[in-house]
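If you read the protein sequences in the order shown, they are chains A and B.
Residue 16 is where the first sequence starts when you use my numbering, and the numbers rise one by one after that.
Residue 39 is where the second sequence starts when you use my numbering, and the numbers rise one by one after that.
Note that these hints are calculated values from the structure, not bench results.
One should not assume that every hint holds.
Derived DMTMM-like pairs: lysine to aspartate or glutamate, alpha-carbon spacing no greater than 25 Å straight-line [to be verified]:
| # | chain 1 | residue 1 | chain 2 | residue 2 |
| --- | --- | --- | --- | --- |
| 1 | A | 51 | B | 188 |
| 2 | B | 299 | B | 188 |
| 3 | B | 395 | A | 107 |
| 4 | B | 203 | A | 38 |
| 5 | A | 17 | B | 248 |
Short, incomplete list of chain A residues facing chain B, as computed with Cβ under 7 Å [unchecked claim]:
| # | residue |
| --- | --- |
| 6 | 52 |
| 7 | 57 |
| 8 | 64 |
| 9 | 85 |
| 10 | 87 |
| 11 | 119 |
| 12 | 132 |
| 13 | 138 |
Backbone N, C-alpha and C define an ideal beta-carbon position, used for all residues, glycine too.
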Amino acid sequence: MKYILMMNTMRAGHGVPAWPQKDLQSHIAFMMGLNKELRESGELVSAEGLSFPDQAKLVRAGKDGAPVTDGVFPESKEFLAGYWIVDVDSPERAYVIAAKASAAPGPGGAPLNMPIEVRPIMSGPPPEML
Amino acid sequence: MTKPWDKTSEHLLRDLAPQVLSAVARRFRDFSAAEDAVQEAMIAAFTQWPEEGVPDNPRGWLIQVASRRMTDQIRSEIARRERETAVAAEGKSLPPTLDIEADMDPDDTLILLFMCCHPALTPSSAIALTLRAVGGLTTAEIANAFLVPEATMAQRISRAKQTIKGSGVPFRLPSPHERTEHLPAVLHVLYLIFSEGYASSIGSHLQRLDLAREAIRLTRNTKTLLADNPEVAGLLALMLLTDARRAARTGPNEELIPLDKQDRTLWDRAEISEGIALLTAALSKASVGLYQLQAAIAAVHDEAERVEDTEWPQILALYELMKRVAPSPMVTLNHAIAAAMVHGPAKGLELLRALDKDPRIASHYRLDAVRAHLFEKMGDHEAAIKHYRIAAARTTSLPERNYLITQAARLAGA
């Protein structure tokens, strides 16, 4: 079963964390290591990091269907910073991976314990329906 | 000397894979490396044979190519060790490959099947390894069927082989006792391949490998190897009797059509007859297992020319038997549906109440979906809408959710 693990952390205007270089490096190394680990366990479907919110636009269709773009409002509380899609044998395993990502090191190397939203990805029909 | 490549060649090639793998693994005494080498030989065959024709002795060809890969690998391994230790190889000789073709065992495919479906493996690794080592599929095809990257699937297979190595499963036919003990795991893996294929064939995945057909092919081969086992026959019958409805179960927009709304003239009569014949033969033997019972229920549905001809009392009796042979909350749920069809929806709703306290199913969408359906039959549309919506929020199946929200909307708009 596939799950998406969403890291909702960055706030508009606070995109680039002003951490000491050493802490940033260990954070980045941790994330790369996590991806490698998931690839090697045969569970990683995809992992993407998203741009900082400064690059985000809200788009709606105008009267003629043409895109009308708007900047992202600074009062927006949360932004999707990145996500993993994993294919695992149980929901519990998805939670274990999410907890690992949540504990990524932050300033001073302390775990961030950031919230990771875990949701099942919709699948085909279950056998009992067929 | 070759034969032209045609439609049957692909099947031939895939059926040869486990025989070739067993021969190479036995000779070189390294299952994991042999499995990689055979995969390379299979890919070479898939590239060369369609253009150059199928060799006269296809099995010999594959064994030769795979053995050459093994030999190359061993040579480079020896060379690496020599470089590292600067010590001459201790007379390590390469296994001869000339008479390898004679080294066959009729049970080879069975040995592999039990190995790949070993209970030490998680279902997803057992499925992947079985499809590659026994099914002769390429990693790319398996990855594509499960919609994961090829590198991820390759890792899954390689870890599965490490697990087998780590748990010391020997390369030989399990004892009759081990076979009895491990057969359910083997059948479960085959069943999972089938149901995955069945679920994923819905939607616009036309380029994907047909896992349901692969599962039928593998189960058919397993049945010839374990001809006396009624549960293997029961599983094959279940697959055929379910697959027979394939053409009728989706509408023009790929929407799901439930059993009671299907155009039964689209059902595959040949598959139904084959399934019923298999089942009849299996049921005449002593033990009745879960797959035979499921197949028997599928057969009752398949035998009804119109939905109103369905012999629900027979289905109810089969579920009652199933509750005794293999009780589970899902069986109780299906038993309640059958009871509702025989004795009316109130009876079904009454039986469902027993499941509310069962944590394994109390918050499962199926319970609400069935309840919604029965409330609708009772004429209680308000309760039906409520349960259709709860079920829609709980399911993780997209076609099912579409179906459930549409049911709620239909009643709300009525």
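Quick rundown of the hints versus the structure:
1. With a CA separation close to 15 Å, the supplied pair residue 51/A and residue 188/B stays within the 25 Å bound.
2. As the CA atoms of residue 299/B and residue 188/B are separated by approximately 39 Å, the hinted pair breaks the 25 Å bound.
3. Restraint check: the Cα-Cα separation between residue 395/B and residue 107/A comes to about 22 Å, which is no more than 25 Å; the hinted pair holds.
4. With a CA separation close to 40 Å, the supplied pair residue 203/B and residue 38/A exceeds the 25 Å bound.
5. At most 25 Å may separate the alpha-carbon atoms for a hinted pair to count; residue 17/A and residue 248/B meet this at roughly 20 Å.
6. Annotation: residue 52/A was flagged as interfacial toward chain B, and the flag is violated, the nearest CB pair being 11 Å apart, outside 7 Å.
7. Of the supplied interface hints, the one on residue 57/A holds, with its beta-carbon coming within about 3 Å of a beta-carbon of chain B, less than 7 Å.
8. For residue 64/A, the shortest C-beta to C-beta distance to chain B is roughly 17 Å, which exceeds 7 Å, and the interface hint is violated.
9. Proximity of residue 85/A to chain B is violated relative to the hint, the smallest CB-CB distance being about 31 Å (cut-off 7 Å).
10. Checking residue 87/A against chain B: minimum C-beta separation of about 29 Å lies over 7 Å; hint violated.
11. Given the 7 Å rule on beta carbons, the hint for residue 119/A is violated: about 22 Å separates it from the nearest Cβ of chain B.
12. Against a cut-off of 7 Å between C-beta atoms, the interface hint on residue 132/A is violated, since the closest Cβ of chain B lies about 15 Å away.
13. Taking 7 Å as the C-beta contact cut-off toward chain B, the hint placing residue 138/A at the interface holds, the least distance being around 5 Å.
Taken one by one, the earlier hints fail for this structure at numbers 2, 4, 6, 8, 9, 10, 11, 12, listed in ascending order.
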